[in-house]
Amino acid sequence: MDLFEAVFHGIIIASTPLVFAAIGELVVEKSGVLNLGVEGMMIIGAVCSFVVTIETGSYVYGVIAAIISGSIAASLFGFVTQYFLSNQVASGLSLTIFGLGMAALIGQSYTGLSLTEFPELNILTLNNIPILNNILFSYDYLVYVSIFLVFAVYYFLNKSKFGLILKAVGDNHDAAYSLGYSVKRIRFFAILFGGACAGLGGCYLSLVQTPFWVENMTSGRGWIALVIVVFSVWRPLWILVGAYIFGGITIIQLHIQGIGINIESQYLSMLPYIVTIFVLVFISTNKRRLTNNSPACLNKIFNADL
Amino acid sequence: MFKLEPRNEQSLFFVYFSPFISVIMSIFAGAVMFMVLGENPVEAMKIIFINPLKSLFGLSELMVKATPLIIIAIGLSLGFKAGVWNIGAEGQYTIGALCSGSLALALYPISGFWVLPLVLIAGIIGGSIWAAIPALLKTKFNTHEILVSLMLTYVAILLLSVMVHGPLRDPDGFNFPESRLFHYSALLPILIEGTRAHIGTIFALIIVFGAYVIMGKHVIGYQIRVSGESSKALSFSGYSKKTIIWICFLTSGALAGIAGAIDITGPVGQLVPSIPVGYGFTGIIVAFLGRLNPVGILFSGILLALTYIGGEAAQIKMSLPSAITGVFQGMLLFFLLATDVLVNYKIKLKRFFK
Numbered sequence: 026m027d028l029f030e031a032v033f034h035g036i037i038i039a040s041t042p043l044v045f046a047a048i049g050e051l052v053v054e055k056s057g058v059l060n061l062g063v064e065g066m067m068i069i070g071a072v073c074s075f076v077v078t079i080e081t082g083s084y085v086y087g088v089i090a091a092i093i094s095g096s097i098a099a100s101l102f103g104f105v106t107q108y109f110l111s112n113q114v115a116s117g118l119s120l121t122i123f124g125l126g127m128a129a130l131i132g133q134s135y136t137g138l139s140l141t142e143f144p145e146l147n148i149l150t151l152n153n154i155p156i157l158n159n160i161l162f163s164y165d166y167l168v169y170v171s172i173f174l175v176f177a178v179y180y181f182l183n184k185s186k187f188g189l190i191l192k193a194v195g196d197n198h199d200a201a202y203s204l205g206y207s208v209k210r211i212r213f214f215a216i217l218f219g220g221a222c223a224g225l226g227g228c229y230l231s232l233v234q235t236p237f238w239v240e241n242m243t244s245g246r247g248w249i250a251l252v253i254v255v256f257s258v259w260r261p262l263w264i265l266v267g268a269y270i271f272g273g274i275t276i277i278q279l280h281i282q283g284i285g286i287n288i289e290s291q292y293l294s295m296l297p298y299i300v301t302i303f304v305l306v307f308i309s310t311n312k313r314r315l316t317n318n319s320p321a322c323l324n325k326i327f328n329a330d331l
Numbered sequence: 107m108f109k110l111e112p113r114n115e116q117s118l119f120f121v122y123f124s125p126f127i128s129v130i131m132s133i134f135a136g137a138v139m140f141m142v143l144g145e146n147p148v149e150a151m152k153i154i155f156i157n158p159l160k161s162l163f164g165l166s167e168l169m170v171k172a173t174p175l176i177i178i179a180i181g182l183s184l185g186f187k188a189g190v191w192n193i194g195a196e197g198q199y200t201i202g203a204l205c206s207g208s209l210a211l212a213l214y215p216i217s218g219f220w221v222l223p224l225v226l227i228a229g230i231i232g233g234s235i236w237a238a239i240p241a242l243l244k245t246k247f248n249t250h251e252i253l254v255s256l257m258l259t260y261v262a263i264l265l266l267s268v269m270v271h272g273p274l275r276d277p278d279g280f281n282f283p284e285s286r287l288f289h290y291s292a293l294l295p296i297l298i299e300g301t302r303a304h305i306g307t308i309f310a311l312i313i314v315f316g317a318y319v320i321m322g323k324h325v326i327g328y329q330i331r332v333s334g335e336s337s338k339a340l341s342f343s344g345y346s347k348k349t350i351i352w353i354c355f356l357t358s359g360a361l362a363g364i365a366g367a368i369d370i371t372g373p374v375g376q377l378v379p380s381i382p383v384g385y386g387f388t389g390i391i392v393a394f395l396g397r398l399n400p401v402g403i404l405f406s407g408i409l410l411a412l413t414y415i416g417g418e419a420a421q422i423k424m425s426l427p428s429a430i431t432g433v434f435q436g437m438l439l440f441f442l443l444a445t446d447v448l449v450n451y452k453i454k455l456k457r458f459f460k
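Same order as they appear, the protein sequences are chains A and B.
So the mapping is simple: my numbering equals the position in the first sequence, first residue as 1, plus 25.
So the mapping is simple: my numbering equals the position in the second sequence, first residue as 1, plus 106.
Excised from the complex, chain A in its bound form (with noise of 0.2 angstroms):
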C-alpha cells in the first residue's frame, strides 16, 4: 500500500466509530430527545465487547455484547428522561459520568490484554486492480455495516411509515400524541437505537482500531459524535460526510508527525477539537437552515401517554 491508500485505509478505519455514534444520535435527535450520554454509552459499549470477545473468543459475540451493553446504558437514561420527566443534559451528562466510571470499573482486570487481529472481510476481490481493491473492498465488515446504517436511517426517515411518525414525534409531540402515537415509547425505542449504535461504535475502538483495553479509550469520541449530527444538519447521509472528515483530521495529525515537521504532539492533538469549534461557529452561522431542519422538540418534555 502507498502512502495515499494508507492515509485512505486509516481515515475510514478513524471514522467508523464516528459514523455509529452519530447516526444512532442523529435518530435520537430526530425523535425530540438531546442524548448527552454518546460517551458513555460508547465507553461502556467499547468495554463489554472488549471483555466477552476476550472471555469466549469470538468477536461476532463481542459486537453483539456492544449492541446490548450500549442499549441497556441508553435505557437508564431513556427511563429517567422519558417515565421521570428529567432535564435531558443532566441526565447525559450523568450518563457520561456514570459510564466512564463503570467501564472503568468493568475493564479494571481487563488492562494490557490485546486481542489478534479483527477478521478482514474481502467480500469481492478485483485482483487486476489492486489500488482500487486496497481502497474499496479491504475492510472489516463493521465498516461496511456502518454505511449500511447510515443509508438504512435515510431510507427509514424518508421513506417509510415509522419514520415519518417518529419525526412528527421530535418535531410536534403533541400533534402526534393527539393522532395516536405513543410519544414516550417512540422515544424510548429511539435512544435504545441510539445506545446500540453508540455501543458499536465503542466496539470499534477496542475491537479493531486499537484492539486494547484502556480507560477512558474513547477520549472525547462521543462528543464529537454529537458535533457532526449538528454538522450534517439532521440529514443521515451528511453524517457520512461530517464523520470522514473528522476521522481525516485525526489522520492527517498522525501523518504530519510521521513526516517529521517539528511540532509538539499535543498541539496536533488540539487539532480535531479546535476544528470542531470552527466548525459549530460555521454551521451556527447559517440560523435559517438549522431552525429550519432542526426537529422542533428537541430537548422538550412531554408527559401524557396512552
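Don't take every hint at face value.
Computed list of lysine to aspartate or glutamate pairs in DMTMM-like fashion (alpha-carbon distance at most 20 angstroms, straight line) [said to hold, decoys possible]:
| id | chain 1 | residue 1 | chain 2 | residue 2 |
| --- | --- | --- | --- | --- |
| 1 | A | Lys325 | B | Glu418 |
| 2 | B | Lys160 | B | Glu418 |
| 3 | B | Lys452 | B | Glu111 |
| 4 | A | Lys325 | A | Asp199 |
| 5 | B | Lys109 | A | Asp27 |
| 6 | B | Lys160 | B | Glu299 |
| 7 | A | Lys312 | A | Asp196 |
| 8 | B | Lys452 | B | Glu115 |
| 9 | A | Lys325 | B | Glu335 |
Treat the hints as calculated values from the structure; they're not laboratory data.
Chain A is already provided as a structure; the job is to place chain B on it using the hints.
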C-alpha cells in the same frame, strides 16, 4: 402502571428531601454493586464513607477536596439556573491553574506578601478568558455552548501538558514533565498544622456566602432566575439574554479558575500534567445535588469530596479502580434526577378496573 400529574405548586418536602433519598438509593445500589464484585458491602461502605471521617487526616483531606468542588459548583449553579450550560469548568479550572502556576514560576524566587494574591488573580483571569470563548461564540453566532466549552476542556488539558513538558519544565528536574516547586510566598497558608488543609477553604465559605447574598437579595440574582424560567419575562425586565450569558460564563469561569489556582498553590505546589482530575465535571453534580442553592452546594460538595477520598481508600484497601468514584457520582445524579420528578408531579397509580 402509573401516571404523573402536575402539582399545583412545587412540593417543598421533595425539594429538600429528594437529595437525601437519592443519596440513600445510591448507597443501596453501591452495596449491590460491591456484592456483585464479591466484596463485603458493609465493609466497603465503611471504608468509603465512614473511615475518612474518623481521622484528622481524613477530615483535612475532605476540606482540601471539597474546596474546589464547592467553588466550581457555585459558579456553575448561576448558569444552570439561567439555562446557560457551561460544561467546560474542567478546562477553565485547568487554565486557571496554568496561568497562576506560570506567574508563580515567573516570579520565582521573589518573596513578598503580594505574590500570592497576584498568583490567585492570574488564575481568575485565566479561567474567565477560557470561559469567555464559549460566551462570545454563543452571543455572537449562537454556537452551542455545551459543545464549545467541552471541546475547550480537551484543548486546555493538552495545553497544560505541552507547557509542563516544555517551557515550564523544572530545569533541574531530570526531564520529568513537572515544574519546579513554587516559592513559599506563592503558597497558600496551611490552616491545620501537619495536614494539607489550607485557607482556600475559607475562600470557599466566603464565596458561598457571597453567592447566597447575590442570588437571594441582589437584582442580578433575580434576573438570572427569571432568565432560566422565561426569556419573555426577562426581556420585559430590561436585561438581555446576552448579558445574562456573559455574566454566567464569566463568573463560573472566574470561580473555576480560582479553584484551579487554589489547588496548585495549596495541596499540589507545582504544575504537573495530572492537575485536572475531574473536579469540573463533578462540580456539575455538586451543583445539582445542592439544588443550585449555595448552602445546598456547601453540603453536597462535602459529600462528593467524600466519594473522592472513599474512592482512593477503596483503591488502596480493596484494590478497586478509583473510577468507582465516578460510578457513585453518576448513580447519585441519576437517582437525584429521577426522584426530582416528585417535586413538580405526583404519582397516580392507574386503575386497571374502572
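Against the structure, the hints:
Of the pairs offered as hints, the one joining Lys325(A) and Glu418(B) is violated, with about 39 angstroms between alpha carbons and a cut-off of 20 angstroms exceeded. About 16 angstroms separates the Cα atoms of Lys160(B) and Glu418(B), which keeps this hinted pair within 20 angstroms; it holds. Distance restraint check for Lys452(B) and Glu111(B): the Cα-Cα separation of roughly 5 angstroms lies within the 20 angstroms cut-off, and the hinted pair is therefore satisfied. Distance hint between Lys325(A) and Asp199(A) is fulfilled; the C-alpha atoms sit about 11 angstroms from each other, no more than 20 angstroms.
At roughly 63 angstroms between alpha-carbon atoms, Lys109(B) and Asp27(A) are farther apart than 20 angstroms, so this suggested pair is violated. Simply put, Lys160(B) and Glu299(B) have alpha-carbon atoms about 18 angstroms apart, close enough for the 20 angstroms limit, and the pair holds. Between Lys312(A) and Asp196(A), the direct Cα distance comes to roughly 18 angstroms. Compliance with the 20 angstroms bound is thereby established for this hinted pair. Proximity of Lys452(B) to Glu115(B) is assessed by CA-CA distance (about 11 angstroms); at most 20 angstroms being required, the pair is judged to hold.
A C-alpha spacing of about 14 angstroms is found between Lys325(A) and Glu335(B), which places the hinted pair at or below 20 angstroms, so the restraint holds.
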